[in-house]
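Novice: Each chain is listed here by its residues.
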Amino acid sequence: MHEFSIAMSLLEAAEAETRRLGAVQVRAVIVRIGPLAGVDVQALRTAFRFAQTTSPLSGAELAIEDAPLSAFCPRCGKSQPVRSVQEWICGQCGDVAGELATGRELDLIGLEVE
Amino acid sequence: MSGTPRLVEVRQRVLKENDLVARELRDGFGRAGVLAVSLVSSPGAGKTTLLQKTLLRLREHCRMAVLVGDLATDNDARRLASTGVRTQQITTGTVCHLEAEMIRSAIRDWNLRELDLLFIENVGNLVCPASFDLGESLRAVLLSVTEGEDKPLKYPPIFHTADVTVLTKLDLAEAAGFDRALAERNLAAVRPGMQVLGVSARTGQGMDEWIGLLTSQLHACRRPRTP
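Protein sequences, first through last, are from chains A and B. Be aware that the first sequence starts at 711, since it is given in our numbering, and climbs by one per residue. Be aware that the second sequence starts at 257, since it is given in our numbering, and climbs by one per residue.
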């Protein structure tokens, strides 16, 4: 359950940004998570709800965007979608894919404020 | 109170703090010429035994230390300290993984220049350690033959953050009905080209190759950098 550590880090980062913006009401905290980030989205939602109760961001929604899985494909000569985390195959040409390009993201994208 | 909702872009890594500490550690290890190697696996895959045998093999040849993460007991730390190598326990309590800050605090008073090789034994867990960079330059993921060949398919993130897979307890492979070729196929499906070693720390099988990997990395890390 490392999602609690992640929820705390996320709240800290979001709170720092909120302070920087001055008095605003945060409606949503928007994150982007890749399939190889090692994060269970359901567990993160639960941890976030629990952690935010003692935070100035209590009441803010956690909005999660999926980051795509992609890797450099040596045959195509560019980044391509990968079939799945269990099948490291170029989604375009079907060859073995190379170095990961996207898919490990665990990023705070922004805040929806009013 | 109401206003027009607007979007404020932030774009930063959620674990930025951990990543910054990890980078600082990596730089510090690099400057001091220390090879930092971490071991991750599920509980009971044989991290401590592999480490114990590794320390015994290398203790005459290089200056080593061990950080060992454990939820509650100091059993592993005592086993490792019995080799005579400096061992420090990091008790994580309810935290199921090590974070870079825990490493930084543990070695705060150390003189890294007195070391060649630092081992970091993570808490037994194939899930959570995947998200946390510890500043290590080599991460080995252990997969014991009793766990089943499909672990890479079930836990892709940890196999994606590791540099090498070490199949452990090879002496039990036959009794466990372990299909090494299948395990390697599964690894290749998740992470093509990943280096795979097989060892039995108990019988010594495959240990030369593991020690060889460590010593070659150690030489590479101690080679003076061109300015």
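It is possible that some hints are incorrect.
What the hints assert, rightly or not - With a cut-off of at most 20 Å between alpha-carbon atoms, the simulated SDA-like pairs for lysine to any residue come out as follows:
| id | chain 1 | residue 1 | chain 2 | residue 2 |
| --- | --- | --- | --- | --- |
| 1 | B | 410 | A | 794 |
| 2 | B | 272 | A | 811 |
| 3 | B | 272 | A | 742 |
| 4 | B | 410 | A | 796 |
| 5 | B | 272 | A | 718 |
| 6 | B | 410 | A | 771 |
| 7 | B | 272 | A | 796 |
| 8 | B | 272 | A | 719 |
| 9 | B | 272 | A | 819 |
| 10 | B | 410 | A | 793 |
| 11 | B | 272 | A | 751 |
| 12 | B | 272 | A | 797 |
| 13 | B | 410 | A | 772 |
| 14 | A | 788 | B | 448 |
| 15 | A | 788 | B | 449 |
| 16 | B | 272 | A | 812 |
| 17 | B | 410 | A | 788 |
| 18 | B | 272 | A | 793 |
| 19 | B | 272 | A | 775 |
| 20 | B | 272 | A | 714 |
| 21 | B | 272 | A | 799 |
| 22 | B | 272 | A | 772 |
| 23 | B | 309 | A | 751 |
| 24 | B | 272 | A | 740 |
| 25 | B | 272 | A | 815 |
| 26 | B | 272 | A | 745 |
| 27 | B | 410 | A | 726 |
| 28 | B | 410 | A | 763 |
| 29 | B | 410 | A | 797 |
| 30 | B | 410 | A | 729 |
| 31 | B | 272 | A | 788 |
| 32 | B | 272 | A | 769 |
| 33 | B | 272 | A | 794 |
| 34 | B | 410 | A | 752 |
| 35 | B | 410 | A | 711 |
| 36 | B | 272 | A | 722 |
Stated by the list, open to error - Chain A stretches covered by chain B per the calculated footprint, using a threshold of three residues with CB under 8 Å from any CB of chain B:
| id | stretch |
| --- | --- |
| 37 | 751-757 |
| 38 | 765-774 |
By construction, these hints were calculated from the structure, which means they are not laboratory data. Ideal Cβ placement from N, Cα and C applies to all residues, glycine included.
Novice: If a hint holds in the structure, say so; if it does not, say that too.
Specialist: Evaluation of the provided hints:
no.: 1; hint: B:410 x A:794; verdict: holds, 12 Å
no.: 2; hint: B:272 x A:811; verdict: holds, 19 Å
no.: 3; hint: B:272 x A:742; verdict: holds, 14 Å
no.: 4; hint: B:410 x A:796; verdict: holds, 8 Å
no.: 5; hint: B:272 x A:718; verdict: holds, 12 Å
no.: 6; hint: B:410 x A:771; verdict: violated, 30 Å
no.: 7; hint: B:272 x A:796; verdict: violated, 27 Å
no.: 8; hint: B:272 x A:719; verdict: holds, 8 Å
no.: 9; hint: B:272 x A:819; verdict: holds, 13 Å
no.: 10; hint: B:410 x A:793; verdict: holds, 16 Å
no.: 11; hint: B:272 x A:751; verdict: holds, 19 Å
no.: 12; hint: B:272 x A:797; verdict: violated, 29 Å
no.: 13; hint: B:410 x A:772; verdict: violated, 27 Å
no.: 14; hint: A:788 x B:448; verdict: holds, 17 Å
no.: 15; hint: A:788 x B:449; verdict: holds, 19 Å
no.: 16; hint: B:272 x A:812; verdict: holds, 17 Å
no.: 17; hint: B:410 x A:788; verdict: violated, 28 Å
no.: 18; hint: B:272 x A:793; verdict: violated, 29 Å
no.: 19; hint: B:272 x A:775; verdict: holds, 19 Å
no.: 20; hint: B:272 x A:714; verdict: holds, 16 Å
no.: 21; hint: B:272 x A:799; verdict: violated, 30 Å
no.: 22; hint: B:272 x A:772; verdict: holds, 19 Å
no.: 23; hint: B:309 x A:751; verdict: violated, 39 Å
no.: 24; hint: B:272 x A:740; verdict: holds, 16 Å
no.: 25; hint: B:272 x A:815; verdict: holds, 11 Å
no.: 26; hint: B:272 x A:745; verdict: holds, 19 Å
no.: 27; hint: B:410 x A:726; verdict: violated, 36 Å
no.: 28; hint: B:410 x A:763; verdict: violated, 33 Å
no.: 29; hint: B:410 x A:797; verdict: holds, 12 Å
no.: 30; hint: B:410 x A:729; verdict: violated, 40 Å
no.: 31; hint: B:272 x A:788; verdict: violated, 28 Å
no.: 32; hint: B:272 x A:769; verdict: violated, 24 Å
no.: 33; hint: B:272 x A:794; verdict: violated, 26 Å
no.: 34; hint: B:410 x A:752; verdict: holds, 17 Å
no.: 35; hint: B:410 x A:711; verdict: holds, 17 Å
no.: 36; hint: B:272 x A:722; verdict: holds, 11 Å
no.: 37; hint: 751-757; verdict: violated (count 0)
no.: 38; hint: 765-774; verdict: violated (count 0)
Checked against the numbered hints listed earlier, the structure breaks hints 6, 7, 12, 13, 17, 18, 21, 23, 27, 28, 30, 31, 32, 33, 37, 38; every other hint is satisfied.
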